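Visitor: Order-wise, the sequence lines are chains W and L. Under the UniProt record's numbering, the residue at position 47 of the first sequence is numbered 47, and the numbers go up by one with no gaps. Under the UniProt record's numbering, the residue at position 559 of the second sequence is numbered 559, and the numbers go up by one with no gaps.
Source of the hints: derived by calculation from the structure; they are not laboratory data. A portion of the hints provided could be inaccurate.
Claimed, not checked - In the PhoX-like style, the derived pairs of lysine-lysine whose C-alpha atoms are separated by at most 20 Å in a straight line are:
(1) LYS144/W with LYS577/L
(2) LYS601/L with LYS103/W
(3) LYS547/L with LYS501/L
(4) LYS499/L with LYS547/L
(5) LYS147/W with LYS577/L
(6) LYS146/W with LYS577/L
(7) LYS146/W with LYS501/L
(8) LYS90/W with LYS501/L
(9) LYS294/L with LYS14/W
(10) LYS17/W with LYS317/L
(11) LYS549/L with LYS499/L
(12) LYS105/L with LYS60/L
(13) LYS144/W with LYS601/L
(14) LYS103/W with LYS557/L
(15) LYS17/W with LYS294/L
(16) LYS90/W with LYS547/L
(17) LYS39/W with LYS317/L
(18) LYS50/W with LYS317/L
The model shown is predicted, which means the values in this text are computed figures rather than measured ones.
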Amino acid sequence: MLRSDPIKVKEILKHYKYEQSSLIHILQDIQVEYRYLPKETMLFVARELKIPLSRIYSVANFYNAFSLKPKGKHLISVCLGTACHVRGGKRIAEEVERTLNVKSGETTPDLEFTLETVNCLGACALGPVVVVDGHYYGQMTSLKMKKLLSSSKGGRGNGKNEKDNKS
Amino acid sequence: MKKITNPENLEILRNSLIKQENPSMTCISVCLGTGCQASGSKDIIESLKQEIEKQKLSEKIKIKSTGCHGFCERGPIVVIRPRGIFYQKVKPEDIAEIINRTILKGEIIDSLLYVEPSTGKKVIYEHEVPFYKKQNRIIFGSNGSIDPTNIEDYIRIEGYSALSRTILKMSPEEIIEEVKRSGLRGRGGGGFPTGVKWESCRNAHGEPKYILCNADEGDPGAFMDRSLLEGNPHSILEGMIIGAYAIGSNEGYIYVRMEYPLAVERLKIAIAQAEEYGLLGKNILGLGFDFTIKINRGAGAFVCGEETALILSIEGKRGDPRQRPPYPAQKGLFGKPTNINNVETWANVPLIINRGAEWYSKIGTAESKGTKIFSLVGKINNTGLIEVPMGMTLREIIYDIGGGIPGGKKFKAVQTGGPSGGCIPEEFIDLPVDYDELTKVGSMMGSGGMIVMDENTCMVDIAKYFLTFLADESCGKCVPCREGVFRMLEIVTDITEGKGKEEDIPLLEELSKTIVDTSLCALGGTAPNPVISTIKYFRSEYEAHIKEKRCPAGVCKALICYEILADKCTGCGACLKVCPQEAISGEKKKVHTITQEKCIKCGICMDTCRFEAIEVK
Ligand SMILES: Cc1cc2nc3c(=O)[nH]c(=O)nc-3n(C[C@H](O)[C@H](O)[C@H](O)COP(=O)(O)O)c2cc1C
Ligand code: FES
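Pulled out of the complex, with its shape left as it was, chain W reads as follows (with noise of 0.2 Å):
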């Protein structure tokens, strides 16, 4: 697991002036750095910003972006948005659950994957859409999904599935 490194935290902040009322962004760069908020990342930056641990740790909890249990490497994002859930959205959730063994939310004990099911990615017109690293998959379906978990599992959602994706 990744231990948080003072020095990262500080060079965060001080992009940041320091200031209270850039809280979020603070965390959402501890986010990325370290896939989570470690909870002695928290505590420093309570410490250096004068916050109360309690509003940072209700802020975290508060938004989706923030997990406070170390995320996998890969993240697969499935839209259950409304145009995605009409074309089958779930299904396809349903299909990486049962491959990955997780619930939505959750990550595989080896941290590799972590599962998340988002409302809406804005790239409705392609749905049902499943977002694997950064890649955007349109039209998928349970089928496509089995096999692009088992093209990730080997090396990495490398988009080169895009290709047989178009109809």
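Add chain L with the ligands to chain W, keeping to what the hints say.
Guide: Coordinates of chain L with the ligands only, in the frame set by chain W:
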């Protein structure tokens, strides 16, 4: 680039940009919107560059990467100008042929043309594509022809002329009057008159004043703001600067939802360029007005689209909405007067100034002026973003522009207004779409999502879908929303699982009324709408679930089963191989069967079958 220090120099620059452009030069524009990128348009640009390099044609051909054209489903989209040839679903392998045949010999490549689903007719030119024909793309239209990362493209097409005109020739009061006369109403959902809002903030006591752009676009199924942010960011910036001048503010923020990284990137570029050109920052165009814009990224909370929650989020706090009044115009960001408008609202402003309120107010209906961008998605042939005058009927939108329902299925309903809206049934297909008409039938405009549903969409499932969404996104501050929506979800879930009771429908209606009446903010206040409207128009579907334990649309898992049709099954064995439960059995070349006890209803067999031999019962 040196800063532009007066309005005349802006005109000089514009004229020289127009002169530089050779209208007869071949320009290949490739869409780099999120949709087309997802279908591989970056590879298209790469291949184009290589091919043009290889054939030494760079003097003769220009490549332009543009924002979203709206027709995302057909991406990647390539338009060859000046002829306006429209190629769709282009692959990198097609590039050499496009250069050799279309560019060098003027031939049309048949296989890349768009085929009208209803008639089978091939369409060659962009303006002839039926999807675009009935639209009136005054806000969204430039997306397909400008490069959003190049401010000069925007300046060439009248960009920032409204800004220089307003500061130079109009008083703040005159600008507000013009916006009021245009009839522009907020595009973020509520439809509040924009000019009135500006006036109230201008008149409010307190300094400094803030200008906010709501780019949180939380309604699932809506992505018009995204396409404007990505495809024409300067139009939004220009609108904000004009608003700031009219209201008397020197500081603005754009709050962008976290799912839109490309929008943030494009905005950053646009802000930097506008500053470099002297159109943003200190002493804009040398006219003594200062305005800066900062970007805030959201952190994934739907309720932060609500204005009071959004303001708290910019302050670095939890986004719990608060009671209004005081409205943000009086007490907003950091407790100061604040004017907040939606992305599309801001993008309308330069147009109103350039063409005048008179011209603008001629478009639309009596109470809803101008155009609206909708995302036409779901069970529809032509999916994508459309811009139409207010008052166009649902029928024109769904059938003439959208090309009807795929697979010869029957239209059932269209959902508008996101989680605050409702489902509009077929009997209202001739309804003119504007703020007030949509409200009358129990839905609302929202930010412009239009999700089309066909006979295979279960309306009880849709109600459950929105309740799940809202129960998840409720901030928890007020009881009616936190507890009430959750209870409604439990009841509707029971119905979809065949555990519904007859008294559930009146109970849902009663709960809805209480939640609407007593919630703190509009999230709770409108949360029951999807349930109310589906009960109102599709009561028989609820009854089928409750009384007959049957899901007529074949969606609710607990009430359906998959079956193999003996007359269609060829015994190919494809389904048997993919079934994760080993629930399918059968010998090769003989009809297969599903063991219902093992089946988990994942539907993979149906996806796999090439003979349409698997059916939901
Ligand atoms: C739960 C909730 C979510 C909202 N989400 C958005 C949104 O995503 N985008 C938006 O522009 N307005 C949203 N609004 C409306 C804003 O509160 C506000 O009215 C709007 O930004 C004002 O801009 P306008 O007058 O230009 O429409 C939301 C309102 C509520 C109650
Ligand atoms: S609903 Fe899935 S991308 Fe919009």
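Visitor: Confirm or reject each hint.
Guide: Hint check:
1. LYS144/W with LYS577/L: Given pair LYS144/W, LYS577/L holds - Cα atoms ~15 Å apart, limit 20 Å.
2. LYS601/L with LYS103/W: holds, 17 Å
3. LYS547/L with LYS501/L: holds, 8 Å
4. LYS499/L with LYS547/L: Holds, because 10 Å separates the two Cα atoms, which is no more than 20 Å.
5. LYS147/W with LYS577/L: holds, 14 Å
6. LYS146/W with LYS577/L: Holds - the C-alpha atoms of LYS577/L and LYS146/W are around 13 Å apart, at most 20 Å.
7. LYS146/W with LYS501/L: violated, 38 Å
8. LYS90/W with LYS501/L: violated, 26 Å
9. LYS294/L with LYS14/W: Answer holds: LYS294/L to LYS14/W is near 18 Å, not above 20 Å.
10. LYS17/W with LYS317/L: holds, 17 Å
11. LYS549/L with LYS499/L: holds, 8 Å
12. LYS105/L with LYS60/L: It holds: about 14 Å lies between the C-alpha atoms, which stays within 20 Å.
13. LYS144/W with LYS601/L: Distance of about 17 Å is within 20 Å: holds.
14. LYS103/W with LYS557/L: holds, 18 Å
15. LYS17/W with LYS294/L: holds, 15 Å
16. LYS90/W with LYS547/L: Roughly 26 Å separates the two Cα atoms, so the pair is violated.
17. LYS39/W with LYS317/L: Distance of about 19 Å is within 20 Å: holds.
18. LYS50/W with LYS317/L: Measuring from Cα to Cα gives roughly 14 Å; hence the hint holds.
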